[in-house]
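Work the whole structure out from these sequences, hints included.
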Amino acid sequence: MLMEGIRHEAEQAKLLSRGKRSWAEDTVAGHEARLAVDGQPDTCWAGAPYYKWWKVDLGELYHIERIFIRTEAPDEMESYTRYFIEVSDDDLNWRLAAEHLETAAPAPDGLTHVVGLEARYVRVTLTYCSSGETVRIYDLEAYGRQSSDRQPVIDRRAPRKFAAADYDEASGFERFEADDVEPGTTYAALRGGTTGSWLLYREVDLSDIGVDQLRGMFGFADLDKSRQVTLEVRLDRLDGECVGELILFKQWKRWSNLAGQLTAAEPERLSGVRDIYLVLRDVAPGQELLIHWLAFAKGTALPQPQPRAEALPEPAGEYRIYFGNLHSHTGLSDGIGTPDEAYDYARYTAGLDFLAITEHSNLYDHDLDWDRSRKWVDIQRTTARKTEENAFLALYGAETTWYNQFGHMNTYNMDCFINAYEIKYNDIAHYYHTIKQYPDSIQQWNHPWSCGNRHLDGFDPYDPELDEVMHMIEINPIESKELGGLYYYVTALDKGWHVAPVGSQDNHHGQWGTQNTLRTGILVDRLTTADFYDAVRHQRAYFTSALHLSVWFRVNGAIMGSRIPRTETADIEIHALYSLPTGHRIVRMELIGEQGQVLHAADHDNDELHCRLTLSWPDRYCFVKLYQEDGEFAATAPVWFED
Numbered sequence: 061m062l063m064e065g066i067r068h069e070a071e072q073a074k075l076l077s078r079g080k081r082s083w084a085e086d087t088v089a090g091h092e093a094r095l096a097v098d099g100q101p102d103t104c105w106a107g108a109p110y111y112k113w114w115k116v117d118l119g120e121l122y123h124i125e126r127i128f129i130r131t132e133a134p135d136e137m138e139s140y141t142r143y144f145i146e147v148s149d150d151d152l153n154w155r156l157a158a159e160h161l162e163t164a165a166p167a168p169d170g171l172t173h174v175v176g177l178e179a180r181y182v183r184v185t186l187t188y189c190s191s192g193e194t195v196r197i198y199d200l201e202a203y204g205r206q207s208s209d210r211q212p213v214i215d216r217r218a219p220r221k222f223a224a225a226d227y228d229e230a231s232g233f234e235r236f237e238a239d240d241v242e243p244g245t246t247y248a249a250l251r252g253g254t255t256g257s258w259l260l261y262r263e264v265d266l267s268d269i270g271v272d273q274l275r276g277m278f279g280f281a282d283l284d285k286s287r288q289v290t291l292e293v294r295l296d297r298l299d300g301e302c303v304g305e306l307i308l309f310k311q312w313k314r315w316s317n318l319a320g321q322l323t324a325a326e327p328e329r330l331s332g333v334r335d336i337y338l339v340l341r342d343v344a345p346g347q348e349l350l351i352h353w354l355a356f357a358k359g360t361a362l363p364q365p366q367p368r369a370e371a372l373p374e375p376a377g378e379y380r381i382y383f384g385n386l387h388s389h390t391g392l393s394d395g396i397g398t399p400d401e402a403y404d405y406a407r408y409t410a411g412l413d414f415l416a417i418t419e420h421s422n423l424y425d426h427d428l429d430w431d432r433s434r435k436w437v438d439i440q441r442t443t444a445r446k447t448e449e450n451a452f453l454a455l456y457g458a459e460t461t462w463y464n465q466f467g468h469m470n471t472y473n474m475d476c477f478i479n480a481y482e483i484k485y486n487d488i489a490h491y492y493h494t495i496k497q498y499p500d501s502i503q504q505w506n507h508p509w510s511c512g513n514r515h516l517d518g519f520d521p522y523d524p525e526l527d528e529v530m531h532m533i534e535i536n537p538i539e540s541k542e543l544g545g546l547y548y549y550v551t552a553l554d555k556g557w558h559v560a561p562v563g564s565q566d567n568h569h570g571q572w573g574t575q576n577t578l579r580t581g582i583l584v585d586r587l588t589t590a591d592f593y594d595a596v597r598h599q600r601a602y603f604t605s606a607l608h609l610s611v612w613f614r615v616n617g618a619i620m621g622s623r624i625p626r627t628e629t630a631d632i633e634i635h636a637l638y639s640l641p642t643g644h645r646i647v648r649m650e651l652i653g654e655q656g657q658v659l660h661a662a663d664h665d666n667d668e669l670h671c672r673l674t675l676s677w678p679d680r681y682c683f684v685k686l687y688q689e690d691g692e693f694a695a696t697a698p699v700w701f702e703d
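Residue numbers for the sequence shown follow my numbering, so the first one is 61 and each next one is one higher.
Hints listed in this document are in silico derivations from the structure and should not be mistaken for laboratory results. Don't take every hint at face value.
[As the list claims (entries may be wrong)] Quick list of the computed label-pair ranges, beta carbon to beta carbon:
1. 514 / 680: 45 to 53 Å
2. 514 / 173: 42 to 50 Å
3. 232 / 205: 41 to 49 Å
4. 137 / 217: 42 to 50 Å
[Unchecked claim] Here are the simulated lysine to aspartate or glutamate pairs, EDC-like style, with alpha carbons at most 20 Å apart:
5. 313 / 239
6. 358 / 215
7. 555 / 585
8. 80 / 125
9. 313 / 201
10. 112 / 159
11. 555 / 702
12. 74 / 178
13. 112 / 151
14. 285 / 125
15. 541 / 400
16. 446 / 517
17. 80 / 242
18. 112 / 193
19. 555 / 517
20. 358 / 305
21. 80 / 92
22. 74 / 98
23. 112 / 92
24. 541 / 650
25. 80 / 201
26. 313 / 284
Ideal Cβ placement from N, Cα and C applies to all residues, glycine included.
Okay, structure coming up:
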């Protein structure tokens, strides 16, 4: 009876979507967006999976009662697609209308979703397809009636987005049609490139609770990241109180959603109804600032920090050694595949013991509001499902990505991600101050030889509080051969940092674990998430490009990663062997100290190495480097000597 009632009401309502203008984030050739609303059962829109959206413009506001959607062909009885449907009256602010996600099941005949909302636009975001490499919409039919409110009004209530082109007064800005905001459509936008140009938005409702951010989709005519624009936010008058100064520059692409901090001498002035002036205070020669939409919002607070976990006791015997990859991507950011595929490939094809997926934080959905991100929740659910302790660890983190030439960093074991599109985090000192508040977090410097001419500022200045959460640094002799691949690692050690070297693949094209031979080895009692993070916190980790090469060493009885009192002499014990037969041999051992100096070396020719020696000790640290006959090597974390 219920379905009969739904069909009857749908029959009474008008079909709104047939033949209407549609576009999509991604399209497979021959399967254009319009084919989802052409009324033909055997045609479809198709695109890459993993959080790609498809949209239709109904032409005007309607009261949408029902949406019918079919994502599978009639003969695909076993396949299913996960998606959620949103609606909007302005193509900027979206409300959830329906979802078919965790409980997704095969629906070859399609599904009807009750909506009951006023809207002009419908957006379907498809998050997963079980049948292959593309998602599809064969039919989407929106049914409804004429809205009583035919013309939407400009709504500048925080935190709603509003079109930048809907200003009240302006000087030095001009409207234009931007055709590169989204594929397949154009949007009214503004451009301005003269210092002193301004925009006025009257009666902006900053709400009773107030705001602390100006957000917007900003673009740049010149894609040179060094050509910056400074945008001031002033209250009530052109020469009124300046409550924000946003230093803006091109990020990953021409257009980005950015958020700048707002502060007032009297905080209540950032609440209530205000006239807002946006003023170009400084513009690099040849640069123009482009603006699509604006919004005033309260920034999403970061979660409460967790105390640092207590150290786990050492095992009665030796630690076990496991191998994995701590830096990879999937189609949730700029890689390919799903997290499920990545974890399964790493475990069953590459034979890894652990894999961390670390999507770029600026490519999450709701990238300025970590607590609203569906991708962030999805990846956590996937890791919980794919982890089998003592067999395989599915780990996750986030790669904070800067476009001011600083570089990239991975963060693990935090309940949130941090996005440098909140431009306060472009001040690296502020970012470092933030992560220092999270003593249980794990931080890693990524590929310091690339992705930024600043090269992580050369790891300056040393900060003992930051050192407590900064645990790892990537090395990669394929891309960075200075000092035998160890230059950046040794530089960080010489400046006082207590970090372990790790081997990561930074996968963007799949092959999670087989892209190359770079691995991270960890020394743990058991293969559990708690043991893994305990190992990393205490630098019981090492780099290897020699497959299956297990290495551990002790100084005065203390395992690698330890900090021990300085003594006049050091008793050193080094062990290495292949955990699986490889046919390779260990041909050289080096003990390395400050500035990369070789303190002791010995040639070797066997698939095992067991070495004991006693040395006088002038240096602050030492670590071991072992060479395979083909040039591949392992480099351990140090043991540090402290006064």
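Verification of the supplied hints:
A hinted range of 45 to 53 Å for the beta carbons of residue 514 and residue 680 is inconsistent with their spacing of about 26 Å. The beta-carbon spacing between residue 514 and residue 173, approximately 49 Å, falls within the hinted interval of 42 to 50 Å. Distance hint check: the CB atoms of residue 232 and residue 205 are about 45 Å apart, consistent with the given range 41 to 49 Å. For the pair residue 137 and residue 217, the beta carbons lie near 47 Å from each other, so the given range of 42 to 50 Å is met.
A threshold of 20 Å between alpha carbons decides the hint, and for residue 313 with residue 239 the separation of about 14 Å falls inside it, so the pair holds. With a CA separation close to 17 Å, the supplied pair residue 358 and residue 215 stays within the 20 Å bound. Using a Cα cut-off of 20 Å, the hinted pair residue 555 and residue 585 is violated, with the two alpha carbons roughly 31 Å apart. Straight-line distance between C-alpha atoms of residue 80 and residue 125 comes to about 18 Å, which keeps the hinted pair within the 20 Å bound.
Distance restraint check for residue 313 and residue 201: the Cα-Cα separation of roughly 34 Å exceeds the 20 Å cut-off, and the hinted pair is therefore not satisfied. Simply put, residue 112 and residue 159 have alpha-carbon atoms about 15 Å apart, close enough for the 20 Å limit, and the pair holds. With a CA separation close to 14 Å, the supplied pair residue 555 and residue 702 stays within the 20 Å bound. Simply put, residue 74 and residue 178 have alpha-carbon atoms about 14 Å apart, close enough for the 20 Å limit, and the pair holds.
Our distance criterion of 20 Å between C-alpha atoms is met by residue 112 and residue 151, whose separation comes to about 16 Å. Pair hint residue 285 plus residue 125 does not hold up; C-alpha atoms about 46 Å apart against a cutoff of 20 Å. With a C-alpha separation of about 34 Å, the suggested pairing of residue 541 with residue 400 is violated against the 20 Å cut-off. Distance hint between residue 446 and residue 517 is unfulfilled; the C-alpha atoms sit about 37 Å from each other, more than 20 Å.
The straight-line distance between the Cα atoms of residue 80 and residue 242 is roughly 17 Å, inside the 20 Å bound, and the hint therefore holds. As the CA atoms of residue 112 and residue 193 are separated by approximately 12 Å, the hinted pair is consistent with the 20 Å bound. At most 20 Å may separate the alpha-carbon atoms for a hinted pair to count; residue 555 and residue 517 meet this at roughly 12 Å. A hinted pair counts as satisfied when its Cα atoms are at most 20 Å apart, and residue 358 with residue 305 qualifies at roughly 17 Å.
Restraint check: the Cα-Cα separation between residue 80 and residue 92 comes to about 13 Å, which is no more than 20 Å; the hinted pair holds. A hinted pair counts as satisfied when its Cα atoms are at most 20 Å apart, and residue 74 with residue 98 qualifies at roughly 16 Å. Among the hinted pairs, residue 112 with residue 92 is consistent with the structure: their alpha-carbon atoms are about 14 Å apart, no more than 20 Å. As the CA atoms of residue 541 and residue 650 are separated by approximately 17 Å, the hinted pair is consistent with the 20 Å bound.
A C-alpha spacing of about 11 Å is found between residue 80 and residue 201, which places the hinted pair at or below 20 Å, so the restraint holds. A C-alpha spacing of about 11 Å is found between residue 313 and residue 284, which places the hinted pair at or below 20 Å, so the restraint holds.
Of the hints listed earlier, those the structure fails to meet are numbers 1, 7, 9, 14, 15, 16, in rising order.
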